[in-house]
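From the two separate chains plus the hints, produce the assembled complex.
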Amino acid sequence: MIRFEPRTEAAPALRVAAPVASISAALALAAVPLAAAGAPILTAFRLMGEGAAGSIFALTETLTRATPLILTGLAAAVAFRARLYNIGAEGQLYAGALAAVAVGSGAVEAPPAVLVPLILAAAALAGALLMLGPALLKVRLGIDEVVTTLLLNFVVLLFVQMMLEGPLKDPMGGGWPQSEPVTEAGMLPPLVERMRLHAGLLVALSASLLAQVVLSRTVLGLKIKAVGENPDAARFVGIGVAGVTAAVAVISGGLAGIAGASEVAGLKGYLTSDLSRGFGYAGIVVAMLAGLQPLACVPTAVFIAAVFVGADTMSRTLGVSSYIADLIVALSLLCALVSGLFARFRVRWS
Amino acid sequence: MTRLLSLQGVTKRFGNLVANDGIDLGLKRGEILALLGENGAGKTTLMNILFGHYVAEEGTIAVAGPSGSLDPLPPGSPRAALTAGIGMVHQHFALAESLTVIENVVLGTERLLAPWLKLRAARRKLERLMAESGLAIAPDARVSTLSVGEKQRVEILKVLYRDARILVLDEPTAVLTPQEVVGLFAVLRRLAGAGLGIVFISHKLGEVLAIADRVAVLRHGRKVADQPIGEADRRSLAALMVGHEVAHSRREQREPGDVLLALDRVTVRPEKGRVGLQEASLEVRAGEIFGIAGVSGNGQAALAGIVAGTAAAGAGTLTLAGERVTRPSPRAMNDAGVARIPEDRHRDGIVGSLSVAENMALETLGSPEVRRTGFLRFERMREQAREAIAAYDIRCSGPGAPIRLLSGGNIQKVILARVLDRNPRVILANQPTRGLDVGAAAEVHRRLLEARSRGAGVILISEDLDELLALCDRIAVIARGRLTRAEPVETLTRERIGLLMAGHAEDEVA
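Protein sequences, first through last, are from chains A and B.
Mapped onto my numbering, the consecutive letters of the first sequence carry residue numbers 1 to 350.
Mapped onto my numbering, the consecutive letters of the second sequence carry residue numbers 351 to 860.
Since the hints were derived computationally from the structure, they do not count as laboratory data.
Among these hints, one or two may not hold up.
[Stated by the list, open to error] Heads up, incomplete: computed chain A residues facing chain B, CB under 8 angstroms, no partners named:
no., residue
1, Pro-167
2, Lys-169
3, Gly-173
4, Leu-220
5, Leu-222
6, Lys-223
7, Glu-229
8, Arg-235
9, Gly-238
[To be verified] Mimicking SDA-like on lysine to any residue, the simulated pairs with C-alpha atoms at most 25 angstroms apart in a straight line are:
no., chain 1, residue 1, chain 2, residue 2
10, A, Lys-225, B, Gly-758
11, A, Lys-225, B, Ser-747
12, A, Lys-225, B, Arg-732
13, A, Lys-169, A, Thr-272
14, A, Lys-225, B, Pro-718
15, A, Lys-225, B, Ser-417
16, A, Lys-225, B, Thr-714
17, A, Lys-225, B, Phe-728
18, A, Lys-225, B, Ala-661
For clarity, every value in this text was computed on a predicted model and none was experimentally measured.
Where is the CB? At the ideal position from N, CA and C, for every residue including glycine.
Here chain B stands alone, though its shape is the one from the complex (with noise of 0.2 angstroms):
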């Protein structure tokens, strides 16, 4: 098989942080090649460098041309690449919403000042290149009625339309349906078949060993390992991205006590574009974890605002131990125990310029711990600090460090620690391990099946069907806003939770 792409010693450093250290890294055609690491661990940085976005302070980039040689890439320049015939599907698509199909896949390859569009050929070879890679869809659909496996699909349709002969995937499987996930692989194996060569980046180790030809794990900035799929394994890939083999927390058989936390038949209207609930109905007792499954935006938003606080319902009634919830609001939910982990924890967690101590303070502001006739208590509330970074093992400088520095990972410890220190009775944990390495997502799961034993009721939202089944006890499946009822986690099989998410019936699918 010929070389596609060669890449050598590549290396960036970001002041004191080297991103990339000597990476050698190797595409030839026809090749899929999974990109595995830990968030941090460079696969960014190093793509970025690929495309021009970045320049290496050393190491080369050699892309084949069309005679097959390898030539080098000229450094700094994203139209360089393009012209290489390198083309990437981001995570977040760069799709026109109010334009159709055909006119975002000819969007950019056209003049600026050409008369008008030359779409009837473009048309013949959109068509050809749907047809060669079983990607299907109809060219004149308004992107904006597209579903996101859709949109996922034209953003791929613009890279082979550029000629590309190496498409790069970024997460591509972050916002699909198990079944979307199965449809994706068979496209990429067919664009393999065809002599693409395809990039793979992922965190996700079943999804790797499932499509890949070859596996490159950084961690890091540096490459540890690069190997056929046939030589990996869940444990080694595990231990090779982590650096060390990662502890999994057992989820115990427990007895349910008494109910905590009951939505009754709760609406909320959708907004802007956004979903709503309709008629949500759920119990969460003390000692479970009650999981929520679904794709993104599927009503979840809606569903974990109610329990948050930070909306009403249109309808429907909220009950906490028993008790009628009128008025909600943060702060009441705050004070009834309700912990609560938001599900952008940059957006809605934290404050980036105060320090960890102020942030880990930020929801007791009333309490005596934290204030003294109007003033911050920060002897006392660093001393907490102190203590919370011990015992979740923050990494950071100290209690007075901005909170903007730490990663995602130590953030998301410092949330934990936030709401979990006042032993909450329930537990609204909305997508707590998205974007968090393998560490310290086990360190999550690790904390809430504490609470669990502890004997409250957690609320998991989560798009992880890994995550969902190895921790809950019982889950439901919401899609366009509706909720089924919620089973045992016992009775329940991947496919059957799939069928539910892409939004078919209880019936159609018993």
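With the rest of the complex left out, here is chain A (with noise of 0.2 angstroms):
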């Protein structure tokens, strides 16, 4: 018989090989898909990692897909400190985008230095405000955020696609369902000449960063932590729920509309409906890999970056399917799911 006896306490190792562990045990059950594709096991890992890592274009394609990637984990990160489960990043990151090309598509003039603030601001701005009304309903009316943030998400996309359609709709893209370009003012400079890497890394850091600074050393970080971990001492000791709830969903839903404004103003100069190969949900797993530590979410981001854009070579030059990755990916976090049970409790056969 198993027997699941709580650890009096963790240890520090165990924190650090918990996650080496379960990303490792992913790995190995990614294997048994792998070899029964026909795919020579070893070969086929090398090939994802040469194609993740093996080469300065490898490199920064990793890189630039970790770039969403981390302010959407980020989104999630921050909201689920604080309870609030929002499953919206996608829709957020759609209205950050729309905003972006609102802004930027020459409907302001403005030098580069004026004009990309601008429109991260404004892709903020949308994407925190399309957080606020499910975070308002939670407060308020006790409605489930899970829900409100999920549907939105759909309602976001589709109204994305009427834009697209109607009013945004590039004249001169040839019938496309694309937007205007973003002006060559409103784009985010390239980081590496020749390479698809953009400044949106170095926003995403900073972000990153900050959250941190946020999250440990401030006195909203403080309440955030309180309310998230147990509301009714929160509220027994005078902490505003309802006002922290909002105040993270603006920081939440901001985040996740940086990630769409990045994705327009830097990789792909406009918008279209498939701009996210979803990011959004993948934000949450880079969260919950990375324990909800704002640092932790860019390392956690670049491994799921590298397991797409490694998986993306193997599969062409293996011919395996590439939804490989998101194998991987699902297993991953299963496995870190797992490795924190082990992580908490000890097992004793008997």
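Below you can see the structure in the form of structure tokens.
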């Protein structure tokens, strides 16, 4: 019979070993379907590694992919810390992208030093406003934010498609549903010559640093942690739970909105309805793997980006479906949850 | 007398902590053994090992079979413990509220796939057990309609129905009125007289002396005494339990001052099965401790909520130092100088993963002592925490320790430090010593009396009559949401308080 006994305290070595072990276990489990698909396993993993980090090009591609994931990961991490389950980062990302093209595709004429911050601010505002509604419904009427934020994703995506077929449609776009491009002055500058990596990465890195500082060093951060872990105690000691929840909604939605602006003004240049490859949802995995620590969202986002970029290369070379990437990410999350169990409990066989 | 149960050398470790250290324990037929010890002394761990919830690293347990010979009990199997005739009544009842008494009793004894319950035979057996034990209760009453004392009887009947020969009761009196305790003790004596072996777990000395034949004292996981009750007295047992003599604080005579806090006909609507308040009035003066006696769940939560600012009155007024409180909130009460010690310190008092220093600052996040331009002043917070740790003798690894690692008594000291260091005018202490060991409880009492001498007005809500009679200047009793007029403690007797607690009207009692 197996029994679980709670550990009195978690050893520090265990905290490092747990994520490493869970990622290793996920890769080992992913070997099974790879083998079933007839791919040589070691070659497949080598190709994935090369595709993700084997050259300057591969590395910059991975970091480019990681940029929106860091931001949506932060959006989830900050919100989940306050027990505000924002599943709507995907919609907030599109709302931010929409605001970015609305401001950046010629409506405002300004030098880059003004226009780029303006675009980011507009995107953050759009994402924040979109998240504020569900947060207020939660604190005022007790409506479950998981449902509202999740459903809003579809509302926003349909709204974006409507705008792209209508007022925002680029007359020069050859009939494709895409927006007018962001002007030269509104684009985030590239970081490496001839590569797609752009300054959005710096925005994401600063955001994670800032979020970490807010959470660990400020009064607001302390309130967020108190509300998230023990709302009863927070209420009892006189912390305004509704106000803190609203502030968290604004920060979380804002971060996801910036992710949208970064994709539009850093990578694509214009808005289409397939701008995001599920970045909003993947951000939840990023945050969970990071243990909801803002700084830790950077390495976990890079890891997930590397899996996706690496799996693309591998599938092209070996002819294995690139869905293997989704599988590895999903397995990583499951293994991380299981390793969390082992970190908290000692397993006894009897 | 024949032996029913024998534990030998039982040792259980959790990491570095030795929860049970080589414990030997025996129980005879017809004997009531009190297992006495502070919280964390290892009583519950020992019983969990007996029931197979934990497996001991060392030691053996043997239970007398029907033939009377002692057979070893397989470790780690609750089913084996039940089959061997061990029954336990937990502090928190495990009853299906929507079923009747007899259905609850039978539940679990019938096979899962049996086509129907054999209730007729069960009823006969239950009625016989009731007659023998004196545990009278209507078999067809729905459990949700029963009082707490009656539910406890159902729990005991459940154990008897399973032909238990060993009955373990975990803190059975915590939820009872004094009169119900007397009734329970009569039942226990009768059961022991019929040959049952009873283990009575408690940290209340008076009860142990009143009911037990023999007392075993646990301290820090070790058995430090095992003696017939005739050889024990209050003083020696308390010293054995704590490891040193406990200094009890005395209340000095003091003239009460002005009214600091007043409730005038405050009504709170009952909510979700929780008792409200009906036109409760009280006045707390400077330099007095005002006691609220009553069995838990009779409106204390509503009353405490009004004073703590977490609940609003449906009708009536709350006055603080002569000014009416029109918009109550936790922060408003806090800022007005009301120190609030919550009933459930883990749920309302602390945030577990935050440090001792952060928890100490939770109520003063707006003050310049804690914040500067939105940033936390960690240095200042740690320094304050260090001072409190020294002043209140808080046992922890330092100001940065996550508070969830602290024991209940030390958590309570953190809360005391948080609310008392601001020299509050009014103190709401809601069950402040519940679950605390003798030493920690004495420290809480000392601090409350200190605040009283300083001129603070204290509202002490408690189920412990000894505590109330020792500390309070005046006591009011709460029963079913009604608060009696407060009376000076000198004119009150335990019996009178007990009758008022049971809900008898004042004129009936007088």
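Status of the hints after comparison with the structure:
no. : hint                   : verdict
1   : Pro-167                : violated, 41 angstroms
2   : Lys-169                : violated, 44 angstroms
3   : Gly-173                : violated, 46 angstroms
4   : Leu-220                : holds, 7 angstroms
5   : Leu-222                : holds, 6 angstroms
6   : Lys-223                : holds, 7 angstroms
7   : Glu-229                : holds, 5 angstroms
8   : Arg-235                : holds, 7 angstroms
9   : Gly-238                : holds, 4 angstroms
10  : A:Lys-225 to B:Gly-758 : holds, 22 angstroms
11  : A:Lys-225 to B:Ser-747 : holds, 22 angstroms
12  : A:Lys-225 to B:Arg-732 : holds, 18 angstroms
13  : A:Lys-169 to A:Thr-272 : holds, 10 angstroms
14  : A:Lys-225 to B:Pro-718 : holds, 21 angstroms
15  : A:Lys-225 to B:Ser-417 : violated, 60 angstroms
16  : A:Lys-225 to B:Thr-714 : holds, 16 angstroms
17  : A:Lys-225 to B:Phe-728 : holds, 16 angstroms
18  : A:Lys-225 to B:Ala-661 : holds, 24 angstroms
Checked against the numbered hints given earlier, this structure breaks hints 1, 2, 3, 15; the rest are met.
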